[in-house]
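Two chains, each in its own frame: build the complex with the hints.
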Amino acid sequence: MKREVAAEIVDSLKEAGVDFVATLTEANLHDLVIALGEDSAIHHVPVTREEEGIGICAGAYLGGKRPAMVMMNAGFLLSTNALATVCIHPGIPVLMLIGHSGGVGEENAGHATVGALTEPVLQAMHIVYEKVGRFEEIRPTIRDSQMLARSSRRPTAIVLNKQALR
Amino acid sequence: MKRYDCLRVIAPHFGDELVVTNLGAVRHEWQALRPHHGNYHLQNLGLTSSMALGLALALPHRRVVAFDGDGSLLLNLGSLATIANQHPKNLVHVVFDNECYESSRGAPTATAGQADLAAVARGCGFANVITAKTLSEFDEGFMRAFRGNDLYFIHAKVEVGAGDVPAAALDSQENKYLFVRYIEKSENLKILTSTLSRASEGK
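Protein sequence lines correspond, in order, to chains A and B. First residue of the first sequence? That's 174 in our numbering, and the numbers climb one at a time after it. First residue of the second sequence? That's 8 in our numbering, and the numbers climb one at a time after it.
Bound-form chain B, shown alone (with noise of 0.2 Å):
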């Protein structure tokens, strides 16, 4: 299975669910099947999940989803221990281990040698870890997750292979005000601060 082929299957499920997407293709492919003012799209790599758990933990009561990659999280090992212990009940956090750099030429990952990333995220102490290797394994370990009410790693093995979709037409800038203002509507939030002219004084 692809990444593409995972996120085509679950994007219909999604309503008003926040999901921050790694740097890479992932970014454009989830664009392309769920545009979304609740997409963030992170432009560093190795932060997807502790941007996530940020977002989960303001937000307790909203579910947050996380698509991240092999590359990224073996920068970021220590977040799935932090992640662990603050155990928030609204994050599925997701990994698509291709085990390699895809989008920097292809080079192989740590998880194309001896690294296996569910295994870590047990030993961080998760509770709940799905390893999937099929598309159907994927649907149904994702939507277990997505319908539950408690903290999933989901890691799914996929081959290489972006989607043929097309560049994500938004900017970092562009896309933090949109998910912001976002934010500020649907949780009746002040988020931005913004001032009076000074001719508004005395009134």
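Here chain A stands alone, though its shape is the one from the complex (with noise of 0.2 Å):
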């Protein structure tokens, strides 16, 4: 991911009014990591394995906080049960910005089943999820995100193509 896109993110979500994110670092989201934890105004907890970052940020968010939740697909998938039981039964959001590995234009062939799954899985759980690919679409689909995120009480999503993460 380029500085200009970890940048635009990490504004978008401020302006999204996010101000707590927990995170899970990957080659292409290591500069949005980087710039979440020097943001002074947003609270970022590294953590070790996605599904804690699902509980953290529904902690969170019932201390009054606005969570987002930044990992890699892999991690979405292993988020599956805690999205269920921590989020969508009683009715907790949380924004995901989940990295898109083996997508359209992956060269790593460790990656494509992985890939494959990770918009069906989103549509089982009858999570609401965005593509995102342009720079110009991260701002818009961030806010709106959000927003829904916020209004339905319900976690959505921002997949994040090969394209953005580049």
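Just so you know, these hints were derived from the structure itself, not from any lab. We treat Cβ as the ideally placed atom computed from N, Cα and C, and that holds for glycine. Be aware that one or more of the hints could be misleading.
[Unchecked claim] Calculated Cβ distances over 12 Å to all of chain A for the following chain B residues:
id	residue
1	35
2	59
3	119
4	120
5	173
6	201
[Unchecked claim] Derived list of chain B stretches under chain A, where covered just means 3 residues or more per stretch with a C-beta under 8 Å from a C-beta of chain A:
id	region
7	87-95
8	140-148
[To be verified] Derived coverage of chain A by chain B (criterion: at least 3 residues anywhere in the stretch with Cβ under 8 Å from a Cβ of chain B; other residues may be distant):
id	region
9	183-190
10	263-274
11	286-299
12	325-336
Right, dumping it as structure tokens:
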């Protein structure tokens, strides 16, 4: 991810009211995770496993924060039970920014299956999501996805494709 | 000592503290002893400590207590590293370790073997780790943490057995709304969004 893309995401999150972000990094998310850690307006919690981050975000929401979770799609798949039991069942929102490995443009053969499963699992969980690839889509999509998460009291997702991550 | 004995000893000291309970009998026991809108009954095995961390970071001036179990924490050991690094001084993480999956008919957990959760907590960076094997040790250790101003991990070695209490009559959705409304009121916060009717436009 280019630094200007990371900066645009951080600024858009703040504009959307997000003040608390849990992250699990990956090569493509590195600049975003570093930028989040350096921003004093956002409480940044690096986690050891993605479902842990979902629990932390849910607790932060109950305490009045406006949380988001940054992770790769492998981590999203790992978090499905946490999302179902901690967020969807009681009605707790969390905005998820999901890096999409294994989508179009993927050069690593090992990511193909996780890539192919990501959208069907989001759909199976009835999680509303938007796919983002172009710079100008970042700000409005973050704003609108956060709006829906808060009004619907449900998780929402933004799937960042390879174009956005490069 | 049993978990219910521990809870019964400390319940009278609770005021406006926030509590996150693990899945299983502990939520029914705690609700019977301390019915309060500041109790959050997590319906997930594993994330009790993470939920409590998020809450403690969001409200650093409120004491947050997590009543976790060994089976739950073993699912989420990494949370101890995250909690120690974040170091919320308002969080007391209590683990009732009965060395088995009691609510799932009692098969042994890893703590029935070689695993020592207090050692794991120390290794993850918790400076204040208390192990309690008797009720007086638990009472003394918990109250030190409860009255203190630092992050604590309390490892309570308990016997198997649940308190003779009724099932907590509280659905997840109901619990969420009651808890959030309580936080909104006590903290003067707006958490749940609401929209006016279009009929109000132009007034």
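Each hint tested on the structure:
Non-interface status of residue 35 of chain B relative to chain A is upheld: no Cβ of that chain comes within 12 Å, the nearest being about 18 Å off. Its beta-carbon lying about 6 Å from the closest one in chain A, residue 59 of chain B breaks the requirement of being farther than 12 Å from that chain. Look at residue 119 of chain B: its CB is around 24 Å from the nearest CB on chain A, clear of 12 Å, so calling it non-interface holds up. The Cβ of residue 120 of chain B sits about 22 Å from the closest Cβ of chain A, beyond the 12 Å cut-off, so the non-interface label holds.
Taking the minimum C-beta to C-beta distance to chain A, about 22 Å, the non-interface status of residue 173 of chain B holds against the 12 Å cut. Non-interface status of residue 201 of chain B relative to chain A is broken: a Cβ of that chain comes within 12 Å, the nearest being about 9 Å off. Chain A is given as covering the region 87-95 of chain B, and this holds because 4 residues of the stretch bring a CB closer than 8 Å to a CB of that chain, at least three being needed. Check on the region 140-148 of chain B: 0 of its residues sit with their Cβ under 8 Å from a Cβ of chain A, so the three-residue criterion for coverage is violated.
Coverage of the region 183-190 of chain A by chain B is violated [criterion: at least 3 residues with CB-CB distance below 8 Å; count 0]. For the region 263-274 of chain A, the stated coverage by chain B holds: 3 residues have a C-beta nearer than 8 Å to a C-beta of that chain, and at least 3 were required. Look at the region 286-299 of chain A against chain B: 0 of its residues bring a Cβ nearer than 8 Å to a Cβ of that chain, fewer than three, so the hint is violated. Counting residues of the region 325-336 of chain A whose CB lies closer than 8 Å to any CB of chain B gives 1, so the stated coverage by that chain is violated, three being the minimum.
Checked against the numbered hints above, the structure violates hints 2, 6, 8, 9, 11, 12; every other hint is satisfied.
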